[in-house]
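Q: From just these sequences and the hints, can you work out the full model?
Below, each chain spelled out in residue letters.
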Amino acid sequence: MSNNEEQTQYSKKDFMSDQMIRWCPGCGDYAILSQVQTVFADLGIPKEDFAVISGIGCSSRFPYYMNTYGFHTIHGRAPAFATGLKLANPKLSVWMITGDGDALSIGGNHFIHILRRNVDIQLLLFNNRIYGLTKGQYSPTSEVGKKTKSTPMGSLDHPFEPCAVALGADASFVARTVDIFVKDQRKVLQEAEAHRGTSFVEIFQNCNIFNDGAFTHITDRKVRGEAVIFAEHGKPLTFGAKDQPVKGLKLNKQLQVEVVEVGEDGPGDDILVHDETNPVIANLLARMRPPFPVAMGVLFRVERPTYDAGVHEQIAAASKVPSAGDLSKALYSGSTWVVE
Amino acid sequence: MTTNVETVENVVIRFAGDSGDGMQLTGTQFTNTSAIQGNDLATFPDFPAEIRAPAGTVAGVSGFQLHFSSKDIRTPGDAPNILIAMNPAALKANIASLKSGGMVIVNTDKFTDRDLEKAEYEHNPLEDDSLEGYQVVKVELGTLTKRSVEGLGLGAKESDRCKNFFALGMTYWLYNRDMSVTQEWIRGKFKAPYDQANLNALQAGWNFADTMELFHSSYEVPAARLEPGTYKNITGNAALALGFVTAGSLSGRQLFQGAYPITPASDVLHHLSKYKDFGVVTFQAEDEIAAICASIGAAFGGSIAITTTSGPGVALKGEALGLAVITELPLVLVDIQRGGPSTGLPTKTEQSDLNIALYGRHGECPNPVIAAATPSDCFNAAIEAVRVAVKYRMPVMLLTDGYLGNGAEPWRLPELDQLEPIECNIEPPSDSDEAFRPYDRDPETLGRNWAIPGTKGLEHRIGGLEKQEGTGNVDYDPTNHEYMSKLRAEKVARVVAEVPDVEVYGDTDGVGVVSWGSTYGAVRTGVDLAREAGIKVGHVHLRWLSPLPANLESTMRGFTKCAVAEMNLGQLHRYLRGEYLMDLKSITKIQGLPFMSSDVAAELTKLAD
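From first to last, the protein sequence lines stand for chains A and B. Residues 1 to 340 (the numbering used here) make up the first sequence, in order. Residues 1 to 609 (the numbering used here) make up the second sequence, in order.
Treat the hints loosely; a few may be bogus.
Some but not every residue of chain B turned toward chain A, in silico, with C-beta under 7 Å [stated by the list, open to error]:
(1) Lys232
(2) Gly279
(3) Ala290
(4) Cys293
(5) Gly297
(6) Ala298
(7) Gly301
(8) Ser303
(9) Leu416
(10) Asp417
(11) Gln418
(12) Gly454
(13) Lys456
(14) Ile462
(15) Gly463
(16) Gly464
Lysine-lysine pairs mimicking DSS-like chemistry, simulated, CA-CA at most 25 Å apart [as the list claims (entries may be wrong)]:
(17) A/Lys320 x B/Lys274
(18) A/Lys329 x B/Lys561
(19) B/Lys274 x B/Lys189
(20) A/Lys91 x A/Lys222
(21) B/Lys456 x A/Lys12
(22) A/Lys12 x A/Lys222
(23) B/Lys456 x A/Lys91
(24) A/Lys13 x B/Lys157
(25) B/Lys606 x B/Lys536
(26) A/Lys187 x A/Lys222
(27) A/Lys329 x B/Lys274
(28) A/Lys91 x B/Lys276
(29) B/Lys189 x B/Lys157
(30) B/Lys456 x A/Lys47
(31) A/Lys329 x B/Lys157
(32) B/Lys276 x A/Lys320
Treat the hints as calculated values from the structure; they're not laboratory data. From a predicted model like this one, the values you see are computed outputs, not experimental measurements. Just so it is clear, CB atoms sit at the ideal spot from N, CA and C, and this is done for glycine as well.
A: In structure tokens:
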């Protein structure tokens, strides 16, 4: 391109499409859409190089509202479409939008395989612990005993912990945030984009129609300080409400997490320091549930080769031979004979 | 010694043994040698689904049939002239198809009581009269092979493994084949001492046949008069892969294949993964669904996208194929058909996926369907399918089958400069402030804009929800849905511009027979046989199943009677009756085996009465 040097400056508005947004008023998706549009404007990536791919569900309407390339595909299969697109055009910044049902139920297989391959995309899972678009059945992240239209006596299914599933599938980047945690969410999305590989981000998202308040016991301003811990690489894992004593996480001799008070001198050696390259810590953080604080931020991040880069490296290596792409040679090679 | 050399026009030879006996390899060597000697030929590998079924059992028999000729031939032959049976099970499984008076070479080392028991023979067929009417040649293949490799330091098992080359050497003598092709291949393929062992066994087989006066005569099958050109022996799956690589080159775009291993389609993935120097991306997905979805993603990204599978995979891909139809993206889905339903007969051939190709998706969801006729035709069919998919912006289904995929024939290599480029008409970047309209289309083909992510100014969204014409926006308007449904059907109908009129082979005013796909050779040869017997018969072979050729109905109405021949229970038959309200007869076979020309001729003769 000729005007490469003068990088276009974008605003959030540039990423808003002309389509009417059809999510229910008050849906947590609005907040996420707003953050994604804001983050896109700041990334310094040409607008035409973004592609937003989704499956089926409320969250998967997302691409229609982004003024980028977008593909609203079929239920559960978005990781496969995203993989094909990224392989076809590796320069694209591919963002996959999915939900708890789309990613972990119908699309469970594709979800684990894209993570293990480490295709360089961002995978945002909006977890509202319910089926919204089909009007209120329990999802694979719904808690046991949940009464829904399909479980009048309570759900019997043991739920998935999405971040733990991602870690189990050898994801190279695992993060968690909340629809209404504006600043934290924005930072996580930027980190996700910066990471080379599949960046998995679980976003707690409130469905105010079918599962309203699913996360208020964690995210409400009144409880947030005690209920949430923000993990930062290299920093002690501490938390606490503003006017309360600071608390920290430590491991006991059984390698179980304990919450302890941190003295006035600050965190001592007994307080766990977050190491985002350590899968043991990542798994501990991923699985913490009340009464423990729920972990937010980048829980795990390691560098490992991406699938798409590997595919194109093999192609580049194979193309070094002088006969590369020589169709005549390909056809006429092997045992041939001539009939006069 | 001197032996009588008889010149014959045609020979059908079948090698049969245990799955581990190397029969496919032996057959392939005979095939390549015959090809280079200038014969026309056709092959039919027939093997069990199990990799190594219990040794010595009928279930574990693997066979390879080759028809080679000094004339133009189209099938692997109805009945073998000669059978090489490496054990009692191979004899039992194949003797019934041997021509009466035909020759059977048996490996007597494998006719112990235990071997006979495994093959469930109550009496030794070599000792009773069950082989009466055949020329039986008894050879201690194992013992003789062992002797030929003595001194090379091979163990008993390793020595025994060379016996297929001993058998091959015998048949090379019998049919006056030049051994150098196989000798060269052995030298390149095997390390010492196995190269020498196999060379010894091959030569020993030849010498044995030469000196032992086992045969009354040897046979000469002169070179066929093939069209001038450079030839190569090719299987359908290899030709298909080359066709797609060529289509990628002709389009100037990257070829993307999404696939999940499935018999008998996996070979296409193996072949294509070797063409990385053409920029070909092969993606072995986690399942059939991911394979097609990745391909559709790649098509959105501007690749020439294909996905290759067999019947069960097609069933799984249905929903995604519907997405390709509504998003109007170019895609080729290849179904290398096998016996169904369910796991069915994975290694056997059948044409029973016509219905799923035509109708197997929910909603009003049409797509063009093309079928290859011969192994080498898979090359052309692949290019044609890509050309239509790209030109009309929609998925095309290409049907081949196990018989075409694994069968081989000599292929006259195409002149590359004769192949027309595939115009992709990719949408150029835009500086316009107006929203891009992804569903604006070419007035002639109705193909929509192909706007590739990464292109400036063309940002747009597509998806599985009904589209508004032009803008591509989600639209639930009732009249728009009806309009778009009809438009998608009209796009398929317009492909008729690419479909040549059918031509009748033979008589236009006698009994007609319509066939499609891999039955081409058997039906055409059957028509020849019937006509040689003085019956008025004409043959119409379909390449495009959807849309149908414009003159098909009038052509069929010109026959006194018309039948449809296919390897299923009458799927094309019902389709054509429905389209044309015609009284058509049905000729079917569903045994996992191709038609025999003689059966087709007999059916046509009956119809003519």
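Q: Check the hint pairing lysine 91 of chain A with lysine 222 of chain A against an upper bound of 25 Å on the C-alpha distance.
A: Distance of about 44 Å is beyond 25 Å: violated.
Q: Hey, does the glycine 297 of chain B contact hint survive, CB to chain A under 7 Å?
A: holds, 3 Å
Q: Does the nearest C-beta of chain A fall within a distance shorter than 7 Å of the C-beta of glycine 464 of chain B?
A: Hint holds; glycine 464 of chain B Cβ to chain A Cβ min 6 Å, cut 7 Å.
Q: With 7 Å as the cut and Cβ atoms as the points, is glutamine 418 of chain B at the interface with chain A?
A: Not OK, violated: glutamine 418 of chain B not within 7 Å of chain A, min 12 Å.
Q: Can you confirm whether the C-alpha distance between lysine 276 of chain B and lysine 320 of chain A stays at or below 25 Å?
A: Satisfied, since the Cα-Cα distance of roughly 10 Å is no more than 25 Å.
Q: Given glycine 463 of chain B as an interface hint, is its Cβ closer than 7 Å to any Cβ of chain A?
A: holds, 3 Å
Q: Tell me if cysteine 293 of chain B is really an interface residue toward chain A, meaning its C-beta lies closer than 7 Å to one of theirs.
A: Check passed: Cβ of cysteine 293 of chain B comes within 3 Å of chain A, closer than 7 Å.
Q: Holds or violated: lysine 12 of chain A with lysine 222 of chain A, Cα cutoff 25 Å?
A: Violated, at roughly 31 Å.
Q: Does the interface hint hold: is glycine 279 of chain B within less than 7 Å of chain A, judged Cβ to Cβ?
A: holds, 6 Å
Q: Within a Cα-Cα threshold of 25 Å, do lysine 456 of chain B and lysine 47 of chain A meet the stated pairing?
A: It holds: about 8 Å lies between the C-alpha atoms, which stays within 25 Å.
Q: Please verify that hint: lysine 232 of chain B, Cβ, nearest Cβ of chain A, below 7 Å or not.
A: Holds, because the Cβ-Cβ distance from lysine 232 of chain B to chain A comes to roughly 5 Å (cut-off 7 Å).
Q: Using Cβ atoms only, decide whether aspartate 417 of chain B comes closer than 7 Å to chain A, and label the hint accordingly.
A: At about 10 Å, which exceeds the 7 Å cut-off, the nearest Cβ of chain A leaves the hint on aspartate 417 of chain B violated.
Hint check: violations occur at hints 10, 11, 18, 20, 22, 24, 31; the rest are consistent with the structure.
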